[in-house]
Each structure stands twice: as structure tokens, then as C-alpha cells.
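Visitor: Going down the list, the protein sequences come from chains G and H.
Letter by letter, the first sequence follows residues 15 to 426 of this note's numbering.
Letter by letter, the second sequence follows residues 15 to 426 of this note's numbering.
Treat the hints as calculated values from the structure; they're not laboratory data.
It cannot be assumed that every hint is accurate.
[To be verified] Okay, the calculated beta carbon distance ranges per label pair:
(1) H:Thr17 x G:Glu61: 49 to 55 Å
(2) H:Ile77 x G:Ser360: 25 to 31 Å
(3) H:Gln167 x G:Glu199: 39 to 45 Å
(4) H:Asn358 x G:Glu61: 56 to 62 Å
(5) H:Asn358 x G:Gly116: 31 to 37 Å
[To be verified] Rough simulated footprint, nothing fancy, chain H against chain G, three-plus residues with beta-carbon under 8 Å:
(6) 384 to 394
(7) 410 to 422
Keep in mind the model is a prediction, meaning the values are calculated, not measured.
All residues carry an ideal CB built from backbone N, CA and C; glycine is no exception.
Protein chains: 2
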Amino acid sequence: MLTELGKRAKSAQRKLMTASSGEKDKALLAIADALEAKTAYIIAANEIDIAAAKEKGMSPSMIDRLSLSETRILAIADSVRQITKLSDPCGRILSGEKRPNGLVIEKVSVPLGVIAVIFEARPNVTVDAAALCLKAGNCVILRGGKEAIHSNQKLAEIMREAVSRSGLPGDCIQLVEDTSRASAEALMKMNGYVDVLIPRGGAGLIRSCVENASVPVIETGTGNCHIYVDKDADLTMAADIIFNAKTSRPSVCNACESLVIHRSIAKEVLPLIKARLDEKSVVIHGDEETAAILPGVLPATEEDYGKEYLDYEISVKIVGDIDEAIEHIMKYTSGHSECIVTENYSAQRQFTDEVDAAAVYVNASTRFTDGGEFGFGAEIGISTQKLHARGPLGLPELTTVKYVIHGDGQIR
Amino acid sequence: MLTELGKRAKSAQRKLMTASSGEKDKALLAIADALEAKTAYIIAANEIDIAAAKEKGMSPSMIDRLSLSETRILAIADSVRQITKLSDPCGRILSGEKRPNGLVIEKVSVPLGVIAVIFEARPNVTVDAAALCLKAGNCVILRGGKEAIHSNQKLAEIMREAVSRSGLPGDCIQLVEDTSRASAEALMKMNGYVDVLIPRGGAGLIRSCVENASVPVIETGTGNCHIYVDKDADLTMAADIIFNAKTSRPSVCNACESLVIHRSIAKEVLPLIKARLDEKSVVIHGDEETAAILPGVLPATEEDYGKEYLDYEISVKIVGDIDEAIEHIMKYTSGHSECIVTENYSAQRQFTDEVDAAAVYVNASTRFTDGGEFGFGAEIGISTQKLHARGPLGLPELTTVKYVIHGDGQIR
Numbered sequence: 015m016l017t018e019l020g021k022r023a024k025s026a027q028r029k030l031m032t033a034s035s036g037e038k039d040k041a042l043l044a045i046a047d048a049l050e051a052k053t054a055y056i057i058a059a060n061e062i063d064i065a066a067a068k069e070k071g072m073s074p075s076m077i078d079r080l081s082l083s084e085t086r087i088l089a090i091a092d093s094v095r096q097i098t099k100l101s102d103p104c105g106r107i108l109s110g111e112k113r114p115n116g117l118v119i120e121k122v123s124v125p126l127g128v129i130a131v132i133f134e135a136r137p138n139v140t141v142d143a144a145a146l147c148l149k150a151g152n153c154v155i156l157r158g159g160k161e162a163i164h165s166n167q168k169l170a171e172i173m174r175e176a177v178s179r180s181g182l183p184g185d186c187i188q189l190v191e192d193t194s195r196a197s198a199e200a201l202m203k204m205n206g207y208v209d210v211l212i213p214r215g216g217a218g219l220i221r222s223c224v225e226n227a228s229v230p231v232i233e234t235g236t237g238n239c240h241i242y243v244d245k246d247a248d249l250t251m252a253a254d255i256i257f258n259a260k261t262s263r264p265s266v267c268n269a270c271e272s273l274v275i276h277r278s279i280a281k282e283v284l285p286l287i288k289a290r291l292d293e294k295s296v297v298i299h300g301d302e303e304t305a306a307i308l309p310g311v312l313p314a315t316e317e318d319y320g321k322e323y324l325d326y327e328i329s330v331k332i333v334g335d336i337d338e339a340i341e342h343i344m345k346y347t348s349g350h351s352e353c354i355v356t357e358n359y360s361a362q363r364q365f366t367d368e369v370d371a372a373a374v375y376v377n378a379s380t381r382f383t384d385g386g387e388f389g390f391g392a393e394i395g396i397s398t399q400k401l402h403a404r405g406p407l408g409l410p411e412l413t414t415v416k417y418v419i420h421g422d423g424q425i426r
Numbered sequence: 015m016l017t018e019l020g021k022r023a024k025s026a027q028r029k030l031m032t033a034s035s036g037e038k039d040k041a042l043l044a045i046a047d048a049l050e051a052k053t054a055y056i057i058a059a060n061e062i063d064i065a066a067a068k069e070k071g072m073s074p075s076m077i078d079r080l081s082l083s084e085t086r087i088l089a090i091a092d093s094v095r096q097i098t099k100l101s102d103p104c105g106r107i108l109s110g111e112k113r114p115n116g117l118v119i120e121k122v123s124v125p126l127g128v129i130a131v132i133f134e135a136r137p138n139v140t141v142d143a144a145a146l147c148l149k150a151g152n153c154v155i156l157r158g159g160k161e162a163i164h165s166n167q168k169l170a171e172i173m174r175e176a177v178s179r180s181g182l183p184g185d186c187i188q189l190v191e192d193t194s195r196a197s198a199e200a201l202m203k204m205n206g207y208v209d210v211l212i213p214r215g216g217a218g219l220i221r222s223c224v225e226n227a228s229v230p231v232i233e234t235g236t237g238n239c240h241i242y243v244d245k246d247a248d249l250t251m252a253a254d255i256i257f258n259a260k261t262s263r264p265s266v267c268n269a270c271e272s273l274v275i276h277r278s279i280a281k282e283v284l285p286l287i288k289a290r291l292d293e294k295s296v297v298i299h300g301d302e303e304t305a306a307i308l309p310g311v312l313p314a315t316e317e318d319y320g321k322e323y324l325d326y327e328i329s330v331k332i333v334g335d336i337d338e339a340i341e342h343i344m345k346y347t348s349g350h351s352e353c354i355v356t357e358n359y360s361a362q363r364q365f366t367d368e369v370d371a372a373a374v375y376v377n378a379s380t381r382f383t384d385g386g387e388f389g390f391g392a393e394i395g396i397s398t399q400k401l402h403a404r405g406p407l408g409l410p411e412l413t414t415v416k417y418v419i420h421g422d423g424q425i426r
């Protein structure tokens, strides 16, 4: 069954690969129009998912993620239209050279091929992932969570019809309707059909893909992000950045999870930080020195330092110098976003050189690690691996390259 | 044991990551000098491997691959010196922008980290892989075949001492001395220590890595390369290219394995091709039409079309038009190198657009898919996957990126 779906995707890919930017944009606009026209149809299906979720006692925040209102559907359609305004990442001649023997070698950007996306209970990802893949000339195989299956079925149906009406193969977008664990695992091993697998979701899903997939995976999303407050920091700026990075949206991967504080300014800055974090009742886990300065904080365990709280919680470690700070960060980093707050030139230089992460910040909130904020226009996730792409995955990251070589009979 | 080795590599990586180009080149020159100075020492160890190989009845061509003479060692040392002349792929600002909010975002090339290389019985790979990784700021964990273990031990020892003497950590280069299957499998699952695994060797080794690895893999090397002779081909050029691509070095991945011939010129070109291939006694497997034109060729089975012979053998398929040719190639391609011979503008355009492979040629031998021939100066393998890198892997492909962001207190 999945193999059948893979075959259809591969066959559609042959057509999509050579589609012009105009044809792809036409399909995207058809998707946006169809989503708008069928708002009531989508909401009716979504209500079935929500009723089931309520019955199962799903948390209100999860139900909120699952819900599609008219406003939300219009926003989704609008974001599809926005994608048509971005430039086509395919067909760019990235470099080229005429070799001494007369061969002309060009390196050209081309679609990755068939991209599988495994995600959880957010039906907006269904449209988002399909539209981004389509824009970059890729077929997509979507495997969403069972909680959103009715919504996803309708969304996929509407998108497939729209693409087909626009003249491209509807099979460019495939939904795996079987939401069992077995279907996800089968997708992870579809070598020959799936060129890349992108998991979007919690740490458990991502770990399962990394451990089980034999197709290439782009690991996304886990963010144990640190902010180091250096001895030469502007302390008010530090407290403002920390407040923003921790509390503006605690559930996302670019939120700050851990603070590293230079001993010489700890007594001065920690009360400032705590005062800000108290506004949102953030729970602080600190080492002994932190507890001596901020009585009543919870003790920070080894586990706390390694934890992505994704909540109003933060850990604190006090260090003697920047080397110790970097050592601590490199021990616990998930390679997402790390920040130093300092006015010291050499300290920021050492930090940006020695900290190995997708994004390294000087004097700015880690919350900026985001395709939109980086100016990419769109994003399909944030890569925390080093192969292929690191940081926000925009349209160019959904392409690969092909060498095209023109000769006149050269032999070697 | 492997974990210990991984820890040492990771710790060395911290230092190597920030080493200057000068420091890395100094270490490479020290390696080249030490290899030259210790030629006799290396040859003595190599002789143990060769004696064992002969006793096991290894084929002369395999023994040749395993052998290190003084000339070969000098050539290896020289190729290490050549690497110092290439530009450092790290620390390049690939793009950058000042965002409307004042954040300056730079995309910088940085080392991948720790690269594991699993390879077979060619001790020159030991030095080659280590030197390329070092130049790009990466630590390497080498796991060679048991046939070359004595040679590899000495080579690794010499390189580690040389790097250490030059001032960088000797642990940048690690050799897995346990050559059991278990050690290879353990290496494939060293998430957290190994950033990328590059297998170099036969199809079995590569398949095993793709199937079993949980660390990211760059798949290299399988080449079922086709040459399509179009109806508008210069037939003498076609025969010359085919002769070169098949016979100049049949054991390599960029050698041609299969011919696709347009029906309208088949009667004219096949005898020309056969006359050239007969010079090297190439065995031809053809479909029925081919057999009707070239009496006595062996029948081509489904298996033949999918096969990388790596020998003086080739398959032939006759097609009615270019669409059928592309269809056939896309069915059997391993995504390595594909060629069209034609004088027809539209045909070459369709072929280069629709054939999805690392390298697509017009009127030139597939044998040019090679880092040296592409002007990369050096190569660690040829990627046939789409993620991260495709085609010859040069020094830039041994790096990843880091976003470095400078602000003055920006929050979101």
C-alpha cells in the first residue's frame, strides 16, 4: 500500500521536476483558492477530530493546535499565496566553469525529489509542508498524527484536486491515511521512493526517525538553548533578552531553556533576571551558588541542564570564566541556538568561534532562529543536524544539485 | 572502547575547529614529511598484510590495491602536500544580511565535526581521508578493512605523531583497530560522537551503512552509468566515448555499464561500437533487436540492466525515441553519471532536464565524474544521494554552516 503510494509519488515527480515556476505557482494559487472555497467542508471534518480529542481528554493547548477556524483557514490559504511570491529555488546555476579540456561544468539547483514529512497533531503543517515542497518541485508524502486524520484527509483531497485542475499531477501530494506506528516505520525505510524524511514534532518522534530510518533524515527542532551572561554584559539588556527568550513563547524550540552566568556579575544580575521572570511565574532551577543569591530556587540536577522544558521553567549555572561557560554549553547543547550577552569584543569573538550550533547570537534573543526572521520567507523546520542544512530550512534547503556537463567528444 | 575513541575525537574537535589554516597546513606537511621519512617502516608492516592476503588466496588485483611500494608512499605524501595548496573551506562567509531590525546575520562555513570513514582494503584511503578531513577542520575516525590492518596501524601512528608534533591534537585522527563487523556496526550508531559517516567501498558495504546507520550517512559510489546514443548522434564520437567510458578503467564507479541506442541508427552504430569494444574483448549483453544486428551477443536480462559490472561487460537496450530512453535510464539509474550523445539541441536539453543524476553529460565520457576532473583538487568520494552533496565530494562538502548573528539587544 505504501509502496503503491511511493510509486505514484515517484511517477508524479518526473513531471513536477521539470514544471516551470509559472506552473507551480498556478497550482499553489489553485490550492489557496480551493481552501478558501471549502472552508465549511474543512471545518466540519475538523470538528470530528476535535470531538474525538475532547473525548480522549486531550489538553486544551493541544486541542487549540488541532483546531481550524475560518480565520485560521484563511490565514493558511494566505500563507500559500505568499509562497508564490518567493523566487523559485530550482534551476539556479550555482557555479560553473569551462575546464581546460573544453568541458563546461555547471552546478544547477534541482528538486530533492520525494520528501516524506511525519508530523503530529497540527493540520496547518499539512498545507504548509505540501506547499513548500511543491514550490521547490518536490512531491510530498504526508504522514500526520491520528488526532488530525479527518482534517488532513479533507485538506489533502482539496489540495490534490486543485493541483490536478491546474495541470500538474495530483499525486504530487500524497497522504498516508494509515496513522499507525507501522505506517510511520514503513515510511522511514522507503529507500528508492523517499529521498528525504523530515520529522516535525516532539523529541520522541524525531529520535524514532533518527534511530529507525534508513532513508536520509533531516533532524529538526530540539532546542536546549542557552544564554550566557558575560562579566562585561549590559545587565539590563541581559535581563530583557532572557525575559523575551524564555517567556515570549515557551513551547517553541528557539525558546531559552538554560542560563549561564559569570560569577563576577551573578549577584548583581540574578535578582534583575528573577524579577523579570517572576512576572510570568517562571520556575528557576539553580546550582548551589544560584541558590545562595536567590533563596528558594529549586536545585538544578544534571537532568535539568540537559532538559528542553518547553514551559515556564529555566535552569541556571554559575561559571568562573567564558571558557567554563563554553564548556558547559558544549556539554548540554542540542546544537540549536546559543547566545552570549556581552560588550566585550574578544568574548563575543571567542563565543561565536567556539560554540558549535546552528545559530550563535551576540546580544539578541534566541527567538530569532526562524525562517521568517532570517528573511527566508518560509520555513519547513529548523535543522539541528550538520548534514545538508543547519538552522531554518527555507526553499533552497529543499533542493539538491545536479552537475550538467557539455562537451564535444571529450574522453579521459 | 569505541565510545572512548569517540570522546577523544570530540574533545580534539573542539581544538581543531578553531585552528587556523596555517596550523592545519603545518600539520599536513608534518604528515607528508613523516610518511616519507618512515617509508621502510610502513612497507615492513604492509608486507605482513600482503603475506596474509596471499596466504588467503586474495586475487592479484586486490593484492595490488593493498600494496604500498616506496613510489606509492611518496605519491601519497605528495598528495597530502597538494592538499595544503587548496584553499581552506572553513570560515567563508557564504552570505549575509543586515535585517530591518538591525540584526546582522552571517552564514559561515564551519567544519562538519567528527567524520567516520569505513573503507576496505586500500591503505591509501587511510591517509587520503585523514588529510582531507583535517584540512576541512574535521576529526576523523577511520575503520579500514582487516586485510590492511598492519599498514593502517603504522600509517595512523605516523600521522597522529606528526599532527601532535605540529601542535594540534593527535586525537584528530583515530583508527579503529578492531576490524570486526561489530566495530563497523557500532560506529554506525555512534550518535552524539559521529556527525557524518562516509562509507568508501563496494555496494555491500554501502548498503549495510545505509540500512544500519543511525548517524547521518553520505552514500557514495554505486554507478550504473548509461550512455544514450541519440538518432542525431555523431556516431564515431559515440563509439569513441563508449570505448573510453567502458574500457579506460572498468573497475571504477564512473565507468559506463549500459548503452541505450536509438532504433533509427542502431544498425549503423552498433557494429562501430562492437568493433571498438572488441579491442578489449568486452562482453555484450543485448536485447533481441541488438542480437539481430550483432549476432552472437548474450541476451540481456532484467538483472543485466540493473547491474554495475565493474568489468569488461556491458548491456545494450534499443529504444524508439528519447522519451523511452529517459524512461529506461530513470528505471535503472543509480543516480551517478548519465550521458547523451547527440548533435540535436532539443534532445540534449530534454535529457539534461529530465535525467535525475549527480552528473548528466552531453557528448563526453562519464569517466569525468571525479573531483580532480571537476577542478576540486581533491575528493573523498562521489555522492549518489541527494542530501547534503551530490557528485564528487570536495573540501567544501566536508563543511557545514553556522549562522552568526550580531545584535544590540534585539528581542522578538
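Visitor: Next step is simple, just say for each hint if it's right about the structure.
Guide: Now for the hints, and whether the structure bears them out:
1. H:Thr17 x G:Glu61: 49 to 55 Å: Once the Cβ atoms are compared, 51 Å apart, the range 49 to 55 Å for Glu61 of chain G and Thr17 of chain H holds.
2. H:Ile77 x G:Ser360: 25 to 31 Å: For Ile77 of chain H and Ser360 of chain G the Cβ distance comes to about 56 Å; the hint is violated.
3. H:Gln167 x G:Glu199: 39 to 45 Å: holds (41 Å)
4. H:Asn358 x G:Glu61: 56 to 62 Å: Since Asn358 of chain H and Glu61 of chain G have Cβ atoms about 58 Å apart, the given range 56 to 62 Å holds.
5. H:Asn358 x G:Gly116: 31 to 37 Å: Because 20 Å falls outside the window, the suggested range is violated.
6. 384 to 394: Three-residue rule met by the segment 384 to 394 of chain G, so holds; n is 3.
7. 410 to 422: holds (count 9)
Checked against the numbered hints above, the structure violates hints 2, 5; every other hint is satisfied.
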